[in-house]
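Here the protein sequences line up with chains A and B, keeping their order.
Mapping of the first sequence onto full-length UniProt numbering: position 272 corresponds to residue 272, and the numbering continues sequentially without gaps.
Mapping of the second sequence onto full-length UniProt numbering: position 276 corresponds to residue 276, and the numbering continues sequentially without gaps.
Check the hints yourself; a few may be wrong.
Claimed, not checked - Here are a few chain A residues that face chain B, going by a calculated C-beta distance under 8 angstroms: (1) Tyr97; (2) Leu104; (3) Pro117; (4) Asp145; (5) Gly147; (6) Gly148; (7) His152.
As the list claims (entries may be wrong) - Derived DSSO-like pairs (lysine-lysine); straight-line CA-CA distance at most 30 angstroms: (8) A:Lys23 to B:Lys288; (9) A:Lys122 to B:Lys204; (10) A:Lys126 to A:Lys173; (11) B:Lys288 to B:Lys120; (12) A:Lys173 to A:Lys122; (13) A:Lys262 to A:Lys215; (14) B:Lys120 to A:Lys122; (15) A:Lys262 to A:Lys251; (16) A:Lys262 to A:Lys243; (17) A:Lys173 to A:Lys215; (18) A:Lys126 to B:Lys204; (19) B:Lys204 to A:Lys173; (20) B:Lys204 to B:Lys120; (21) B:Lys204 to B:Lys288; (22) A:Lys251 to A:Lys215.
Said to hold, decoys possible - Far from chain B, by Cβ distances over 10 angstroms, these chain A residues were calculated: (23) Ala2; (24) Arg17; (25) Asp70; (26) Gln94; (27) Asp201; (28) Arg280.
No wet-lab data here; the hints were simulated from the structure.
Since the model is a prediction, treat every value here as computed from it, not as a measurement.
Just so it is clear, CB atoms sit at the ideal spot from N, CA and C, and this is done for glycine as well.
Chain by chain, the residues:
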Amino acid sequence: MAHLLEARDLVRTYQVRRGLLGKPTPVRAVDGVSLTVRPGETLGIVGESGSGKSTLGRMLLGIDAPQGGDVVFEGQAMPEFGTPQWRALRARMQLVYQDPLAALDRRLTIAQQIGEPLDIHKVIPKEHRAARVAELMAAVGLRPDQGGRYPHELSGGQRQRAVIARALASRPKLLVCDEPVSALDVSIQAQVVNMLRDLQDMNNIAMVFISHDLKVVRNIADRVAVMYLGRIVEEASSDVIFKTPLHPYTKALVSSVPVPGKMLEGRVILQGEPPNPANRPSGCAFHPRCSLANDLCRSRVPALLVAGEGRTAACHMVEAPADAVAA
Amino acid sequence: MTIADTSAPVTPDHNTVLSRMRRALRQVPFSVGFGIAWLAGMVLIAIFADQIRPYGITAMDLRSRLALPGTFPHLLGTDELGRDVLSRLIQSIRMSLVIAFGATIISAIFGTTLGFLAAKFRGVVEHLVLVLADFQAALPFLIMSIAILAFFGSSMSLLIVLMGFYGWERYARIARGLAISASAQGYAAAVVQLGATPMRVYLKHILPNVASTLIVSMTLTFPEIILMESGLSFLGLGVQPPETSLGNMVGFGREYLTRAPWIMLAPSLVIMLTTLSISLVGDWLRDKLDPTLR
């Protein structure tokens, strides 16, 4: 199947200045990330804070321009931010935010805001607008009377439902969800994730689901990419990566997810803090925290190589593909 | 144990426009109610000035010069030429209101537009706007007005336009700051992400969100413009005789302060009550326009 979205070698660098007269040092927030998303599939992106997940999401949508590499959506290169072509493309790709209260205009009612993409992209005639808004609200599980409410009058979960309804209004083909449930209660998280899944199945939407929460990603993603310090260190289908993680960092992440009714056996506890991206360790960025690190890891950056059927990993310690399949 | 009567008849006119307005009016505090009534009165007087004015503003009654207020037929007395103070006051209210409203609206639109442009384009445009704003703030406005009016001669439209430049730098700074912080994160970025044009983002989303602050700023500028016009007229550079404005009346009435204080007190009282009303109503309006404070 053709790719819906393809990103090649995306690089995004920020200049960080320490103190008033400090020398600006470049921080590579995203450092050579490539990925593809097929229509209707969900790609989970996991990683710690500061690993460049959100920056990657913004580049995939063309909100931030990559300084290297390119993004191709439906076979077309991503237009520049703010151009009419870019604006028109918003009907095809949408973003769901982490903080729904900040993402909603507090002076407009929920119904007005859900219908806004319809006004902007003029996808349907005006007289069908109310019906489409009602349909969207029903789809995300909002009561019809809540359409007249203002954002601050709704609960966090309801607000996020409104944001999702707004994102779906123009029937996009790609949804980038940037930590969409991390601000919600655990019980509400499950509801919203299940709802996203259902909506995705119904409308055949591809999703890039950015989260630091492996439980959530495991629930929703078909494939998972693990990011560490701006790079993808491992990518595989969701079932495979949670069952047999290859990269030591993924192993540590996966072992930190509690499984009900099971003791935490063989838990890999990471030592130290994630390193400062402005001061990236030599070689494999993960080596200061890795129990398997040797001299090779300290001196050479491991490439992201095929490590089995449909999976890749960037680690010197990962064995040849034949062995990985057997494992 | 009592059984509550749950079948109380629902009043049919519960949601009619009239009853809603009546209910809304009951919630208005007295001071705000007074302010609204006073401003409505002023606007009506300004509109119907020609009809309600008992005498012409230049009509002299030389036999009853400096007549006391309350003496028939001059309700607020007469000035040194026997002109009816009430008639002149009514004409002054019209004149000052036109200048103050016109100028406030010009300065609000001008300043907000420049502020939004600065926030949208940043870079050179922003620097230019900020330099202009600093220039405006650093220059004593009265001196600049005197220079321009002395050079071009005073006319009504020039006066309004000139007053319209008063206070614009405040709107520009406020609008720029609020628009930048709004578009950096939150709702404005979200609307941009929906594919909205900058026009839509600024006019439909950012403007309503920052309007409360701008309205407060307008309630500050409005009385200042009335006072500024009064000052210019007092100096003889504003509204020219025989036309009259509130400041003009205060200026000329000053000479008769000891013998006929009513000439000056009547317009002074109108200036004071109008500016007070604007402040009260503006403050109340800001709270009312914010759905999160309801």
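Hints not upheld, ascending by number:
The structure breaks hints 4, 5, 6, 8 and 26; every other hint is satisfied.
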